[in-house]
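Colleague: Next come the chains, spelled out residue by residue.
Number of protein chains: 2
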Amino acid sequence: MRIFIPFFFLVNILFAQENIDSLTIRKIYSYHLTESKSYNNLHSLCKDVGARLSGSKQAEKAVTWTKQAMIQAGADTVYLVPCMVPHWVRGTKEKCYVSGNSKNGLESFSVCALGSSVATPTQGITAKVIEVSSFEELEKMGSEKIKGNIVFYNVSFDKTFIHTGGAYGKVVKYRSGASMAAKYGAVASITKSMSTADNDFPHTGTMKYDSLVSQKIPAFAISVTGAKKLSALLTQNKNLELYLFSDCKTLPDEPSYSVVGEIRGNEIPNEVIVVGGHLDSWDLGEGAHDDGAGVAQSIEVISGFKKSGIKNKRTIRAVAYMNEENGTRGGKSYAAMAAKENKKHVAALESDMGGFTPKAIGIEAKKDTLLYYKKWQPLFEPYYVFIKQGYGGTDIGELIKLGVPQFSLEPDSQRYFDIHHTADDTFEHVNKRELELGAATINSFIYLLDKYGTYKK
Amino acid sequence: MRIFIPFFFLVNILFAQENIDSLTIRKIYSYHLTESKSYNNLHSLCKDVGARLSGSKQAEKAVTWTKQAMIQAGADTVYLVPCMVPHWVRGTKEKCYVSGNSKNGLESFSVCALGSSVATPTQGITAKVIEVSSFEELEKMGSEKIKGNIVFYNVSFDKTFIHTGGAYGKVVKYRSGASMAAKYGAVASITKSMSTADNDFPHTGTMKYDSLVSQKIPAFAISVTGAKKLSALLTQNKNLELYLFSDCKTLPDEPSYSVVGEIRGNEIPNEVIVVGGHLDSWDLGEGAHDDGAGVAQSIEVISGFKKSGIKNKRTIRAVAYMNEENGTRGGKSYAAMAAKENKKHVAALESDMGGFTPKAIGIEAKKDTLLYYKKWQPLFEPYYVFIKQGYGGTDIGELIKLGVPQFSLEPDSQRYFDIHHTADDTFEHVNKRELELGAATINSFIYLLDKYGTYKK
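Protein chains in written order, with the working numbering: chain U, -7 to 449; chain B, -7 to 449.
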């Protein structure tokens, strides 16, 4: 009996010991649910700035906007970290329809060029379509079947994952399937959108060409309903020809910036805890959940500390990273700066999975380390938040080489891939309370990280 | 050290011990996420049947619909439990505007009659408005200020609650504020909607007249933005007169039914575990989250057992209760039947907080009992679900007098009171995966209840 201390008792013991923490965290949550500017800030970022792909005018505007928002949030210092970013532009609306049919007819499809893709020739591409459900199937077919045709990756999104990010991780490689198709002589590739929803929004996202394959062919994404329709038509007519058009292009790299808002530590100012999201977004929607939410939440952590009257021991930095979507140049340049400066980064947390109700703080760590943080679990039970094994994020991942422990906010993932990288990623899909609870959870976890420090062996 | 066994180890120990349970639960979740009919069923209930207030034709249609759905889900037996239900009808669209102004002008307000309210006189009511923020304020004012006027309960919804049901519980009494107002001579009452969202949907809901106050005055709800506008206008002009109209009425009680779908126990068939939601809904929307979701999930528990190949020891009953919204007659008649039948109810679970992502199984129990169920917590961690102290539900609450342990699904509550009891409670606000995860969580918890039984002292 003695060695079996159920969870419930641990809760009680810890609550007695850590009553101050429990009250402080309650105060933090109340601040975010009643006084926070995160929702208004996100509204402004989505509506006044809008979509902000790296290298665009709006991305430039977003930098200025964020600087101002961080000053208003009460940061002691706000500064920019420069980086050179890729500058890809979509151009005019893409076209995809059954050859010979009107683009407005029944047999047109909702597609979009994938980020970094090359354009089609000016007159477009007309070719037969070869549908595959995996790279293995493509390779078995070989040049004989693929050459001169369009490859259609009709790969399904595994709905059994509880964290939908897992399902996304399994299939995202098909977004860069153009090179594999080109290797066998394909003239273009179309990838079914990685989506949890059955709707007609194509999901964009970055793709990479394999440097070992010299031929670069245009890469498109097709909506889920479009993919279903195309597959059905191909069953009826294997010789169906599809017309594809895009005039997207890659311009020279542009100078850009990540934005940093800092509140100086009161006791150990040369130790830094960094919290962030990414400022750039895809061009189709408003970058609301991806990742305006993370930016708005990170800015609000500054206010949260100030307004809750918490004296942070360590320096806390909110960072809005540029260029997460197609290059991580902001994350890289921030890490390069961190490596050189006379300060030590002790923890990094990223919020880049949407502004949904928080479900967990994910920790990229193994057993012993995890146990250290698990002790804080009872403090988060009133907020229905787990402390669990997880990972960090793309931007802060660049800090791993400096040995910086990685954390992330894990919001409810069920709706994220309904709208991810689509024209439907708009402010209207963000719920005020959900966004605020996410910010409160990050703020509370950082309060504990700052107070007790990270795990030491 | 020996007495401190952190949660993480417990997870490992329990997972080793209960590997079969872990695998079975995984199978249950996979079933619901890939094969479940819950979303299609909910679509049909919302769109083919629609709003289904007790006593209405649609409520009658809903009974037939549910019977059929339970048969299709694979229930061994499906039957009806009769009850007499109240029959209140809203009548024509309510009117509320500043007297002398057009109802379509700037100074009209979105209102709705509250369920069970009496109508205004045919010519409507025109009177001054006295705004109060509490019953205490009303009582201090007394007859002198209230007599002949409309009382406007402008009570705020406490946003600091994490479970929004707590905030609702604090203010729902103001929905029945008409009698208190009438006691001091008021001619009508208007209550600000209990809502987490700032929008123009009035929220209906049931109200009760105090039997000690003979005068019954019409009771309205006003939207949140309407309440703000009204309050602002009253600040400018205390003598403002409001026109109110409603021709709602209460007709004689009607016969109706709860619907029961049963799968017979394989070992202890005379012990019953009941899972349910309520079939009736308010008349304004489609009763999607409240509580089409709970009905669709309960029906799907039948399929879940059948399709996952689980041999249930005990008898499992899915119940779609009639009349939760304004009388609980279905819950009462079911409990009356249960008291008489030659079977023992060992557990009751209700899903009546929306079809959102599950956050917890709530247990209406104290320490020792709770500890028994907390042992199952590790099995639910992969699904981000807590096992915690909570409560049952309105319908199954009628079984408390038979000593039946009470459980509930606690979905994420952040969006529930945005749409609760409004015209906006439609199918479109339900996310497929969220609904399915709720059903899977209920199904898994009932699997454990059936296998291990409930707590015994």
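Note that these hints are calculated values from the structure, not bench results. Source: prediction; values computed, not measured. The C-beta atom is built at its ideal place from N, Cα and C for all residues, glycine as well. Warning: the hint list may mix true and false statements.
Simulated DEER-style distance windows between Cβ atoms [as the list claims (entries may be wrong)]:
#, chain 1, residue 1, chain 2, residue 2, range
1, B, K335, U, Q228, 28 to 38 Å
2, B, S148, U, Q228, 51 to 61 Å
3, U, Y364, B, T26, 45 to 55 Å
4, U, K151, B, K298, 13 to 23 Å
5, B, D150, U, D68, 53 to 63 Å
6, U, I260, B, E128, 30 to 40 Å
7, B, S148, U, K165, 32 to 42 Å
8, U, K200, B, K359, 22 to 32 Å
9, U, D202, B, T26, 28 to 38 Å
No farther apart than 25 Å at their CA atoms in a straight line, the calculated lysine to any residue pairs in the SDA-like style are these [to be verified]:
#, chain 1, residue 1, chain 2, residue 2
10, U, K380, B, G161
11, B, K19, U, H35
12, U, K359, B, T26
13, U, K221, B, T26
14, U, K19, B, K139
15, B, K380, U, H421
16, U, K367, B, K39
17, B, K358, U, T217
18, U, K29, B, V164
19, B, K359, U, K165
20, B, K39, U, T217
21, B, K151, U, K120
22, B, K380, U, I12
23, U, K151, B, N11
24, B, K151, U, H421
25, B, K380, U, K221
26, U, K85, U, N32
27, B, K151, U, K359
28, B, K380, U, N32
29, B, K220, U, D13
30, B, K221, U, E420
31, B, K448, B, F378
32, U, K165, B, K380
33, U, K367, U, F149
34, B, K359, U, D13
35, U, K367, B, Y375
36, B, K298, U, T152
37, U, K359, B, N11
38, B, K151, U, K221
39, U, K29, B, Y375
40, B, K19, U, F149
Colleague: Honestly, which of those hints from before does the structure not fit?
Modeller: Those not satisfied are hints 1, 3, 5, 6, 7, 8, 10, 11, 12, 14, 15, 16, 17, 18, 19, 21, 25, 26, 27, 28, 29, 32, 33, 38 and 39.
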